[in-house]
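**Q** Please model the complete structure; the sequences and the hints are all you need to start from.
Number of protein chains: 2
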Amino acid sequence: MILDSVNSPKDIKGFDIVQLNDLAAEIRKILLQKMSIHGGHFGSNFGMVEATIALHYVFDSPKDKIVFDVSHQCYTHKILTGRKEAFINPDKYADVSGYTNPNESEHDFFNVGHTSTSVSLACGLAKARDLLGSKENIIAVIGDGALSGGEAYEGLDYARELNSNLIVVVNDNQMSIAENHGGLYKHLESLRNSDGKAENNIFKALGFDYYFVKNGNSIEDLIEAFKNVKDCSRPTVVHICTKKGCGYKFAEESKEDWHWRRSFDVKTGEFVGFSYAGENYDNLAREMLLEKMKSNPAIVIVAAGVPRSLGFIESKRIAAGSQFVDVGIAEQHAITMTAGISKNGGKPIFCTDCSFYQRAYDQISQELCINNLPATLLVRNASIWGMNDITHLGIFDIPLISNIPNMVYLAPTNKQEYLAMLEWSIEQRNHPVAIRIPRNGVHNANYSVDDNYDELNKYQVCRKGKQVAIVALGDFFQLGEEVADTLAKDGIEPTLINPRYITGVDEKLLDELKADHKLVITLEDGILSGGFGEKIASYYGNSDMKVLNYGLKKEFLDRYDPAQILNRNRLTAGQIIEDIIKTARK
Amino acid sequence: MILDSVNSPKDIKGFDIVQLNDLAAEIRKILLQKMSIHGGHFGSNFGMVEATIALHYVFDSPKDKIVFDVSHQCYTHKILTGRKEAFINPDKYADVSGYTNPNESEHDFFNVGHTSTSVSLACGLAKARDLLGSKENIIAVIGDGALSGGEAYEGLDYARELNSNLIVVVNDNQMSIAENHGGLYKHLESLRNSDGKAENNIFKALGFDYYFVKNGNSIEDLIEAFKNVKDCSRPTVVHICTKKGCGYKFAEESKEDWHWRRSFDVKTGEFVGFSYAGENYDNLAREMLLEKMKSNPAIVIVAAGVPRSLGFIESKRIAAGSQFVDVGIAEQHAITMTAGISKNGGKPIFCTDCSFYQRAYDQISQELCINNLPATLLVRNASIWGMNDITHLGIFDIPLISNIPNMVYLAPTNKQEYLAMLEWSIEQRNHPVAIRIPRNGVHNANYSVDDNYDELNKYQVCRKGKQVAIVALGDFFQLGEEVADTLAKDGIEPTLINPRYITGVDEKLLDELKADHKLVITLEDGILSGGFGEKIASYYGNSDMKVLNYGLKKEFLDRYDPAQILNRNRLTAGQIIEDIIKTARK
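Protein chains in written order, with the numbering used here: chain S, 38 to 623; chain D, 38 to 623.
Please keep in mind that the hints were generated in silico from the structure rather than gathered at the bench. Check before you lean on any hint, since a few could be wrong.
The list treats identical chains as interchangeable, and a pair is accepted whether it falls inside one copy or across any two copies.
[Said to hold, decoys possible] Below, a list of computed lysine-lysine pairs in the DSSO-like style, where the Cα atoms sit at most 27 Å apart:
#1 100 x 50
#2 172 x 331
#3 619 x 555
#4 267 x 223
#5 545 x 555
#6 590 x 545
#7 280 x 71
#8 172 x 329
#9 241 x 251
#10 452 x 329
#11 100 x 503
#12 234 x 223
**A** Rendered as structure tokens:
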């Protein structure tokens, strides 16, 4: 294999075009093999093989600095920069992350996983370069999907001020995760259809020099373009047209399904391994919403680039029609538009993954909460069992969302409760409501479930005991039940409480507990710092009640094993019981 | 006065052009009079008199819905929509807010105060209109400055998907608060210079129909343009060129100084009334930074549209040269660029007002903190004594910033400590650091001040006492001192602690306090929910230590009196002492 001789970008500098094309073919082969077993971001990586080779052929990384937007398309970059073993040797598949990672290589500059930041990062690298008088090329590689995020535009707008070398490679594969939405995409289409010559060029409008590469999967054409712009002294866009999934038939034909793919059979493209056919919260909510939509045109689902996150695959989006909106990867706009929809009589439901809510804190606070507009935010993967990449953690939302005035943040503990809360949230007109979707599997209710959540911060006492009260939030409720069951066997009958409301303290109940309880423990599936349990501790600060807060330490985790993290944070039932008994004996 | 007959927009529909111009002149007169006494956003309001009259002449508010971006330019709108008394009668000057406010009028749809949201809000209003089958015009009015914020672009990008009536009035007065920065502004200049005919029209690129009005202070021209676009069936931009401060010489000549103006003499334009000539934290930091810059080209100040917030008036920006960067009202880009600067060897210092940090939570968390890049964030007006408009509150930053891993959030209590922390932050290479600038006046240090803050979460014991410990954070330290002094007179010698670090708990010290203290009180200048004191309460949850957390209730305040709010939250020294004595007696 020609790849055998490639251990750093330097090793490809002497290759001729035949060798470079052979290299591309070999890389595609190992990518296919690895992803068929390990899963991964299939489409963009298959599309970017040639462009990555051409970048490393023309530029001198790490002196020249390449910043990949989102960086989910960096697999070929990793292969070329000393990490090929993690793509060739199945035992080492897990050795590298799915994103750029400075701990792995000097060719990676940032941990990146959220969208639309590459141009701003590159502007920063370039600004420091100019201040300190060095001369390297700074290159941002950004997909068309990421161009829907406002920060990408902020970076493009600022770039002209640098008035020095900054190369933005726009990787136009005509897709976000799903299809693109927005005026920009009609514009990119017109640029593609005119070989980059269409009028009203947005990049030129913002002050960039502009180059167009029709075939972004031709190494030869790409090398020519990159050589043209290398060492340029002005902000420059190279618009390259690549094919998502290029080189693998099934991925080319079904781009949305192959954006990210778990293990599959290389011959058929079909999933292999464990397949879960049971209920899941996405589909349960989606079916309920589709049903409600039929009789109520005011209901509208708003998505921000991850339309599938509520189970809205293409056929379901079609079924919802104009009552489903995907605004692109633009969470700020999505939340603000949600506020506008609500103000004019609509009933918006926005859903995205936990860590993406971080991108719209100000809009949640200002547009939704200051204006106290009824709307529903569904918070997905908010859990230690959520996504486990450092950039996509689901453990910071409670401090983020629950400390905003007017917000009602609910934590259902089971299927019936989740659907009841969702139904209530849509129909009520008094508050912005966020719902933290459980992530520990679909459980049925063991206790009665209310239809109405108008009385804020009223916790539910599921079992009345004494001495010890367990306040078990959201999908840690089942952990609380387990602790309660075990304690009961040991002769301690604890009180078990489902707090339901993350955003407030049930002062009446907490006061009542003082009569016959000495210890309250709180359980929450997220960091403790700034979270739910600390509020209970503070409330009891001036009393004799002892309080133990259970949750996660404030730290960034990366590609972790949930069981291990739970254990390290004393979040197993056994550890909690040990602590309770120790405290009770004091 | 013709204004006497105007109590709602309907009343101007029958006016001829002479009457409309008379109305404009009268409005300017009362605006000048009110602002000379009351202060306010001068420049943009003087520029928008004619456009606001023309909007209300052509459109039918509140059926047609006008959304003002930031809404600081809404004074004429308020005058025309039933609120003129608050501009004519000095006794009623304070009756209306400086921003749109749905509690005041059915013509206001949102409380707005942050930038770049109007197009998204308008998209939401339009989407609900289309779903529910009504027909009104939806109009967003957005300044050129606000177009530097990414969310504005997200809204413009999405608008085309609506494919229905949405009118965006771009109010181009060639200024943000200070001069504009970015490629967009060269582009707007080329549009102005070509009567809107320049090539590469960014609005057309995004799919808008586009109209240009050269004289945006001509009611006649504006009426013609608005009539043209009324009831249009496509997203449409009307680009109007207005003059900031139009009609008042001093404001026209010195636009930055007159963006916002406090009370002044109408004849001379000079400030009247109280003028503070003493030290302030902005200037202290600025002078230190300018001095350090001279010997270190790596130091760079990054501002996001509010360059004056660290005292960088124009002359000081010129002095800093390329070591001062204003990226426009683009906080996301600013923080991310800061990360990039840091990565390539620069020493960036970003400064903005407390509530604007809300716009970049994700960038602080992902780009700065996950990557653990050294950089300095100066948090201004983070205090109950900060800005008191509901949209600009400075009381939510502790939950927002302090719960992010890797962040070191410092709370200096006096001048020497602030400057020492700033110096340390710039020189160290281990952490992203945020500093909460005190807001209770410039105090000198009464206790020793450290140079080095490498040892994280080490609190300073300022006075060693017993029984009661007062942990007094940041600019509530002086309140803590007052409480301590008074208690000492009553025979209780409390321990007084300056925690310095908001982001962590000094476990060793807290454990030591158990030996001879029974009560710990915490004081923080912000909401308690998710904040500093709750962490202390949680730490002591399983001990016999009593804890009282003092801070603000989680609520949105609006145009409040700080003394009243402090009193309501039991945050006066007298109230705190009362609580301490009551608890000590228990």
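**Q** Hint by hint, note whether the structure agrees.
**A** Hint-by-hint comparison with the structure:
1. 100 x 50: Classified as within: same-chain Cα gap 15 Å, cross-chain 66 Å, threshold 27 Å.
2. 172 x 331: between (60 Å within a copy, 22 Å between copies)
3. 619 x 555: both (13 Å within a copy, 22 Å between copies)
4. 267 x 223: between (29 Å within a copy, 25 Å between copies)
5. 545 x 555: both (16 Å within a copy, 26 Å between copies)
6. 590 x 545: between (29 Å within a copy, 18 Å between copies)
7. 280 x 71: within (20 Å within a copy, 61 Å between copies)
8. 172 x 329: between (60 Å within a copy, 24 Å between copies)
9. 241 x 251: both (18 Å within a copy, 23 Å between copies)
10. 452 x 329: within (18 Å within a copy, 60 Å between copies)
11. 100 x 503: neither (66 Å within a copy, 59 Å between copies)
12. 234 x 223: both (14 Å within a copy, 21 Å between copies)
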